[in-house]
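Please construct the entire structure, taking both the sequences and the accompanying hints into account.
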Amino acid sequence: MVYIASWDEFVDRSVQIFRADPESTRYVMKYRHCDGKLVLKVTDNKECLKFKTDQAQEAKKMEKLNNIFFTLMARGPDVDLSEVTGKEQMETQPAKKGRGRKQ
Amino acid sequence: QVLLQLDPFLNELTSMFEKSKEKGSVWVTLKRSSLKSKVQKRKLSSAGESIEYRCLIRATDGKKTVSTSVGAKDHQRFQASYATILKAHMTALKKRERKDRKKSTEAEKKEGTSTTKSKKL
Numbered sequence: 001m002v003y004i005a006s007w008d009e010f011v012d013r014s015v016q017i018f019r020a021d022p023e024s025t026r027y028v029m030k031y032r033h034c035d036g037k038l039v040l041k042v043t044d045n046k047e048c049l050k051f052k053t054d055q056a057q058e059a060k061k062m063e064k065l066n067n068i069f070f071t072l073m074a075r076g077p078d079v080d081l082s083e084v085t086g087k088e089q090m091e092t093q094p095a096k097k098g099r100g101r102k103q
Numbered sequence: 001q002v003l004l005q006l007d008p009f010l011n012e013l014t015s016m017f018e019k020s021k022e023k024g025s026v027w028v029t030l031k032r033s034s035l036k037s038k039v040q041k042r043k044l045s046s047a048g049e050s051i052e053y054r055c056l057i058r059a060t061d062g063k064k065t066v067s068t069s070v071g072a073k074d075h076q077r078f079q080a081s082y083a084t085i086l087k088a089h090m091t092a093l094k095k096r097e098r099k100d101r102k103k104s105t106e107a108e109k110k111e112g113t114s115t116t117k118s119k120k121l
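Residue numbers (the numbering used here), protein chains in the order written: chain A, 1 to 103; chain B, 1 to 121.
By construction, these hints were calculated from the structure, which means they are not laboratory data. Every residue gets a Cβ at the ideal spot worked out from N, C-alpha and C, and that includes glycine. What you were told as hints is all true, and nothing was included just to trick you.
Which bits of chain B does chain A cover? Going by a derived footprint, with three or more residues having C-beta under 8 angstroms, they are: (1) 14-23; (2) 52-62; (3) 65-72; (4) 84-95.
This is the structure:
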């Protein structure tokens, strides 16, 4: 049981664990209002990653991870996550623009 | 186990947050599931049928447990409602106000009687 200090590392490794074993992996969130603490856990019953925080801004980051897991779990481990992670950054690929109408 | 529809589940989740403000925890677990037993899965795959997976969501406050599941079509609507509930109830987390950092420590020392609201121009 390891507490990961870096949020990005926690996210990357969590997605890896899930993709390696989508049947066994679960994502747990525990919130204690009285202590103002939030703990996240991702485990496949072999490896266990945890992240803890008391910061509101990390809860905002968690929202994205929640969406990632909802998408992975509802649609499947092979789903392209750029939809989910790229939602807030709509600058990257303007897929709606037509191809090659240069005049 | 209690498998609810999405909206009743969200209501129960809200209620759990409200009840555990003074003490206690709320746990929410996400797991991929086909909601089928091993026997059913074996039958489906041997019949050449694909197994539909859902995202199983379980919430507990240590006393009561409720669950629901979302599929590829409804997870986005659920995500939005779920995020709203979390935002509304996870209010005990610390907000980092960089500007007021000095002020907040001073306020703590002064036992926070008067509001130290000086406007910086």
